[in-house]
Amino acid sequence: MSNYPKPVAATPLNPRRRGIIIGASDGIGAALAQRLAHEGYTLALLARRQEKLEVICEQINRKTGEYCARAYVHDVADYEKAPELLRRIVADLGGLDLVVFVAGVNYPPGGIDKYNFENDRRMVEINLIGAMAWLSRVGEMFQSAKAGQIVGISSVAGDRGRVGNPGYNTSKAGLSTYLEALRNRLTRHGVNVLTVKPGFVETAMIQAAQGPTPFMITTEKAVDDIWKAMQKRRQVVYTPPIWRWIMLAIQHTPSFIFRRLSF
Amino acid sequence: MEANTTLSLNSFTQLENFGHSLRAPSYRFHPTRAEEIFEVFCLAEKMGLSVTARGAGKSYNDAALNGGGILLDLSAMNQILEWDPASGLVRCEPGVTLEQLWQRVEPSGWWPPVVSGTMKTTLGGCLAANIHGKNNFQKGPIGEHVLEFTAMLPTGEQITCTPEKNADLFYAMISGLGMLGIFTSITMKMKRIHSGLMSVDAFPVHNLNQHLRALLDNAPTHDYVVGWMDTTAGGKNIGRGQIHASNNLKEVEDPNAQETMRLENQTLPPRIFGVFPKSLLHYFMSPFMINIGVWGVNTAKYVASLRTHTFRQSHAAFHFLLDYVPNWELAYGRGGLIQYQSFLPKETAEETWRAMIALSHRNRLPSYLGVTKRHRPDKFLLTHALDGFSLAMDFKVTDGTRAKLSQMLQEFDRMVLKAGGRFYFAKNSETSAEAARAFLGEETILKFKELKKRCDPSNLLESDLFRRVFE
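Top line first, the protein sequences correspond to chains A and B.
In this text, residue positions in the first sequence follow our numbering: the first is 1, and each later residue adds one.
In this text, residue positions in the second sequence follow our numbering: the first is 264, and each later residue adds one.
Be a bit skeptical, because a hint or two may be false.
As the list claims (entries may be wrong) - Chain B residues, not near chain A, derived (Cβ > 12 Å throughout): (1) R286; (2) E527; (3) V588.
Stated by the list, open to error - Below 30 Å or equal to it, Euclidean Cα-Cα: the simulated DSS-like pairs (lysine-lysine) are: (4) B/K309 to A/K6; (5) B/K513 to A/K81; (6) B/K667 to A/K232; (7) A/K63 to B/K667; (8) B/K710 to A/K6; (9) B/K712 to A/K146; (10) A/K6 to B/K541; (11) A/K6 to B/K712; (12) B/K710 to A/K146; (13) B/K309 to A/K146; (14) B/K667 to A/K228; (15) B/K710 to B/K309; (16) A/K6 to B/K716.
In case anyone wonders, no lab produced these hints; they're calculated from the structure.
C-beta: ideal position from N, C-alpha, C; glycine also.
Build the full structure now, drawing on both the sequences and the hints.
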């Protein structure tokens, strides 16, 4: 699966950081891969679709002139495969400093009076349980090493249950809570856990949005915000930042009003 | 050892080099018996992971790091198995530290023949790096005092090597960086001493020429010679510093030998000026660890060393300078430190070091500490020694200076190689595969790899250092 040469050895004067991006074949994951490679990370990129993944790896490696990115085909719903793959990647990269969980799907039921259990289940399986399958092992590893950074791409959609897409809201609310709990466990061990809550970002997933998409940003802008938050080792970041205030208002809207809205 | 049978995420440990400038996480195991080492090999093979041995972790570079792989921490294999005060022969497990060793043998009138600047190193690590001391010109590296060792190969075979039996492995595993097998017991001959004290001559040298001449001239008449170099001094003062040349006392020279050899008289005092606890000292050193501060400290030290005098000092106090201030390396701050040690033939040393030190001043990246020694060649496979001198320079690492320092050290490598010099794998962290090939020679590397294939056919033993230098 990874016929790449061993990455450049880290030395005190060339301390290369090593990261995993789970869900790197497009959208925020792919853009973040480009950015982190540019910032000097050696990366393991994970996604289901091999061709897309390899195109991105090739792009990155051509641009940086070394083997910064390595492709690993993986379906996050294959929970049992996560531990072995994690061990493999850590050995291939020669260590691990960062894990970014971006993988996510959004299947709207297609109307506020429609229900689709299969879709809901799929979203929870990938967005939430997929994250737990990886991050619980990564958390244990980082806790033991007393170092590391975990970045989880959640969503503003997790901040309140709304009429449009209960399954997606639930998966992202679960993910946000899971990340918060990890943060509370791991901060005392020197590990940073960053929850990213993007609003509307120009990716393939935007097609799932029903209705208007205010404050839409490009993936590059989102990645810029994420990278800055990572450097500052922040805990939660909204991108673009205005969503922090919007969601504050939405979270505090009383239920007797909120349940009457078709928002 | 139950943990050996499975690979637990709980054993995942972030480990550092001695200078706190490099970190790598590994699955760490603490075997206590040779069989457990083999169990780890089996596990590694099953999991497709590599294995690196680690003793005290006092190497300045990545010799005892194995990012993402298995780390065999041998510090629990620390029994002195046999000690015969009549013959001076000692048989130890690899995790025995020099501290344990000298404390055991010294009261009966013996001392380890070769020691490092810190007593915290383990014998296994000392053999793997084939360390030298301040008496390298006379006694060679530690390997020359090993009579026999046993080692566990990754194949599960346990072999015994002496300079006669399995000689090729004897001369390759000592200096072999733990890449051929893991030492399981080491038999060494200690050196006779007749007093707990040494007679030390201390005198200043005012430039590089004088400095190297003093090392050269004092070696034949002294048991140990070491120089401190003020690497912050420039111009015609380049190479100024102080020489300490010492001799073991002869039988008649110390009337109180019984008394001075007692262990109580060998320990380093825990306090400075009687009141100041040394364990806190590194915090107070930290603010001085900037170019100007270090210039001040070096200059003050030079002025203080201008007096020529002879004094008596305990063995421990003379040898283990690095243990004077516990955790001194923490004073270098978050980025830690690296050491660059070059070995140069006596003909080219002066000119090359003059150019290197001048370059470091032009780059405003002076070394904060310089130490010189006199050396002679030895016949170990991956030897660093030659007929000449070595200069070890400590450099502070910060985010702002990394790139520039890296460039400068690459330039240093070119200068040293051009001058026929060599490097030491326990120290330099930036030596490239090309530089290693240039000083070791293609033939030596081929021979080492051939032996590795024989001892370790599935290539289980690999450290970050090995990957950096031999791949």
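Here is what the structure says about each hint:
1. For B/R286, the requirement that its beta carbon stay farther than 12 Å from each beta carbon of chain A is not met, with the minimum near 7 Å.
2. At the 12 Å boundary, the C-beta of B/E527 stays outside the reach of chain A, the nearest C-beta of that chain being 38 Å off.
3. The Cβ of B/V588 lies farther than 12 Å from every Cβ of chain A, with a closest approach of about 21 Å, so its non-interface assignment holds.
4. Among the hinted pairs, B/K309 with A/K6 is consistent with the structure: their alpha-carbon atoms are about 20 Å apart, no more than 30 Å.
5. Distance restraint check for B/K513 and A/K81: the Cα-Cα separation of roughly 69 Å exceeds the 30 Å cut-off, and the hinted pair is therefore not satisfied.
6. Restraint check for B/K667 and A/K232: satisfied, since their Cα atoms lie roughly 25 Å apart, inside the 30 Å limit.
7. Under the criterion of a C-alpha separation no larger than 30 Å, the hint pairing A/K63 with B/K667 is consistent with the structure, at around 23 Å.
8. At roughly 23 Å between alpha-carbon atoms, B/K710 and A/K6 fall within 30 Å of each other, so this suggested pair holds.
9. Our distance criterion of 30 Å between C-alpha atoms is broken by B/K712 and A/K146, whose separation comes to about 36 Å.
10. Distance restraint check for A/K6 and B/K541: the Cα-Cα separation of roughly 43 Å exceeds the 30 Å cut-off, and the hinted pair is therefore not satisfied.
11. For the given pair, A/K6 sits about 18 Å from B/K712 by alpha-carbon distance, which is consistent with the 30 Å threshold.
12. With a CA separation close to 40 Å, the supplied pair B/K710 and A/K146 exceeds the 30 Å bound.
13. At most 30 Å may separate the alpha-carbon atoms for a hinted pair to count; B/K309 and A/K146 meet this at roughly 27 Å.
14. With a C-alpha separation of about 25 Å, the suggested pair B/K667 and A/K228 falls inside the 30 Å cut-off, and the hint holds.
15. With a C-alpha separation of about 28 Å, the suggested pairing of B/K710 with B/K309 holds against the 30 Å cut-off.
16. For the given pair, A/K6 sits about 20 Å from B/K716 by alpha-carbon distance, which is consistent with the 30 Å threshold.
Checked against the numbered hints listed earlier, the structure breaks hints 1, 5, 9, 10, 12; every other hint is satisfied.
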